[in-house]
Amino acid sequence: MAQLVVIGLIMSSIIALGAIGLTLIYGILKFANFAHGDLMTVGAYIAFLTFTGGGHIGPLSFGYGMILAMLAAMLVVGAMSVLIDRLVYRPLRRRNAGLVILAMASLGMAIIVRSLVYLGWGPDQRFYSSGLQYAHQFPLGIALKPDQMFIGATALVSVVSVYLLLYRTKLGKAMRATADNMELAKVAGIDTERVVIATWAIGGSLAGLAGVLLGIQSHLMPEMGFIFILPLFAASILGGVGSPHGALVGALVVGISQEVSTEWISPAYKPAIAFILLFAILLVRPRGIFGVKV
Amino acid sequence: MISDFLNPSYLAGFLTLVLIYGVFAIGLNVHWGYTGIFNFGVAGFFAVGAYTSAIITKQPASGAYMTYIGGLHLPYVFGLLGAGLACAVLAFIIGIPTLRLREDYLAIASIGVAETLRRVFINEMWLVNGTRGIIGIPQPLHGLVDQADYKYVYLAIAAVILLVVYVAVERGIRSPWGRVLRAIREDEMTAAASGKNIFAFKMQAFMLGAFIMGIGGAMYASYVRAITPDTFVPMFGTFLIWVMLIVGGSGNNKGAILGALAVWLIWDRTGALVSNAQDPRIFYVRNLLIGVMVVAVLLLRPKGIWGEEKRVSVYAGKEPERAKAKDEAAEPLASVVSTAEEAGDGGAS
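Chains as they are written, first to last, in our numbering: chain W, 1 to 294; chain C, 295 to 643.
No lab work stands behind these hints, which were simulated from the structure alone.
The model shown is predicted, which means the values in this text are computed figures rather than measured ones.
Glycine included, each C-beta is placed from N, C-alpha and C at the ideal position.
Take the hints with a grain of salt, since some may be wrong.
Residues from chain C shown here face chain W by an in silico Cβ test under 8 Å; the list is partial [what the hints assert, rightly or not]:
#	residue
1	THR392
2	ALA403
3	GLU409
4	ASN417
5	LEU421
6	GLY424
7	ASP440
8	TYR444
9	VAL589
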């Protein structure tokens, strides 16, 4: 049980990275980005493309090459998100298209992006590195692989950085103001288009990083991100759309519930757990834990 | 490329699938085109309809590799109606928490339902035979003609069902009830202010569309005769149907059928092109094409090939004579799919 909770925490940290980006985009642009999971997939495969080995850092299964590959994934996915916004979402925004049309366009982008991954790498599973890793034993029967500790640490550093960015910088303030009310932010002299670009860049690079971490935790396959979209949405809505710390709490609830549920039911139903949580919160408190309005 | 269609047997199979997908596109049109219900879980209704009809029309399970519930061995019509009812009940359950909320919450929830159901169908062997699927689904009027000619019989049956569905939905949409749906799609607040119970109307439309999708699922099951959970992956079960509707023209049932024909033609022909490819990756060019079509239609031609008619009441004149510019100015936030021209009509309920 304790083991499942700890694995749940590792999964939560990956979900959190994706969900924070998703909730920021949701908060500022007001539409559900169905392509977010597939952005994670792209991140994972960009890292696969650029990862060159580079020995081993301590007991980890990979070397410094992975750090570079992670940065490459964040950079590419961040830039790609901005580019997609310029090419697809901004023209639709300018036409005053409804949020539903934007969500549908994002689903189209999700299909395009995933198909490109299929075309590039095929449907087979891929791994960053082969070979077994010995797990460290901790009290309460907890066993953790060094890689998993690395995932948790990386996610923690990223979440803290995003928090500092949002609450300690002028850009973060502008982002929060735009999320609150875009018209009012414009009146106050905030360049909201710049805020939109920054949001995509941050959300995209976090998604890219989340994809790499997910690839380290298990393996790469073209559907990996799309399957992840339910936990991402569940975490964002649970925490309250537009609220980064809400997404963090939501990610913890979803991630731990999914793993602990395997104690009683088949692991095949993990995404269903995320969905049941989502269904329950929509019934009981649709605005989520920290949300203000729907 | 085209020569396949000179073979009448191939053409009959092709057209049958177009008609079945036409039924799905009309069902989705009731959801999205007329009411603005954002259902991304068509595959879930597709699957529930197909499996329900299979267990209603088939004999009870027998043999070592067959386990499923039901097996009522009832005629095809009961399969159709049972499938429709099962989907309507499913829609009712999904609708309770989501139809009162923002549209995109229903989209997320419906994706979740479709994916969860698929996992249940895969993992619960006792329910509908897991990944082995159900084979030998009965076909209506099977003894009537020679086996080789049966496909023409089923083509005729599919055509009759599509016609019935089309006429029924057209009548509904051209009634006051249908105009309320379009008013809700355009502006929920205004419709609510006119004394309409938004939730009840949306629920009715959601259940009606789901019923139609269930019928489509039943038609599909008896056409292919063998279904597995893999049939109902989102790409094939949901997105293909969405593309058909928005390419053809959402808000127009003729457009929906035209979209089913156009998109299935592309899907079928590109399938023939890639089927001989050495590299399995080539297969995914078709999926890419579907995604590109979604984005391109939304950006370049949001109304689709055959957009919505401006006026649908049989009692009204042919062309609205109102000052369009005034209506347009009054509704700056009207979505792009619905055009400003019919905004005045939508609120007239």
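Each hint, compared with the structure:
1. Hint status for THR392/C relative to chain W: holds, with the closest Cβ pair at about 6 Å, below 8 Å.
2. At its closest, the beta carbon of ALA403/C sits 6 Å from a beta carbon of chain W; the interface hint therefore holds under the 8 Å criterion.
3. At its closest, the beta carbon of GLU409/C sits 6 Å from a beta carbon of chain W; the interface hint therefore holds under the 8 Å criterion.
4. At a threshold of 8 Å, the smallest CB-CB gap from ASN417/C to chain W is about 5 Å, leaving the interface hint in force.
5. Given hint, LEU421/C at the interface with chain W, is violated; its Cβ is 13 Å from that chain's nearest Cβ, farther than 8 Å.
6. A distance limit of 8 Å between C-beta atoms decides the matter here; for GLY424/C the minimum to chain W is near 11 Å, and the interface restraint is violated.
7. Of the supplied interface hints, the one on ASP440/C is violated, with its beta-carbon coming no nearer than about 41 Å to a beta-carbon of chain W, more than 8 Å.
8. At about 35 Å, the closest approach between the beta carbon of TYR444/C and any beta carbon in chain W exceeds 8 Å, and the interface hint on this residue is violated.
9. A cut of 8 Å between beta carbons decides the hint on VAL589/C: the least distance to chain W is about 4 Å, and the hint holds.
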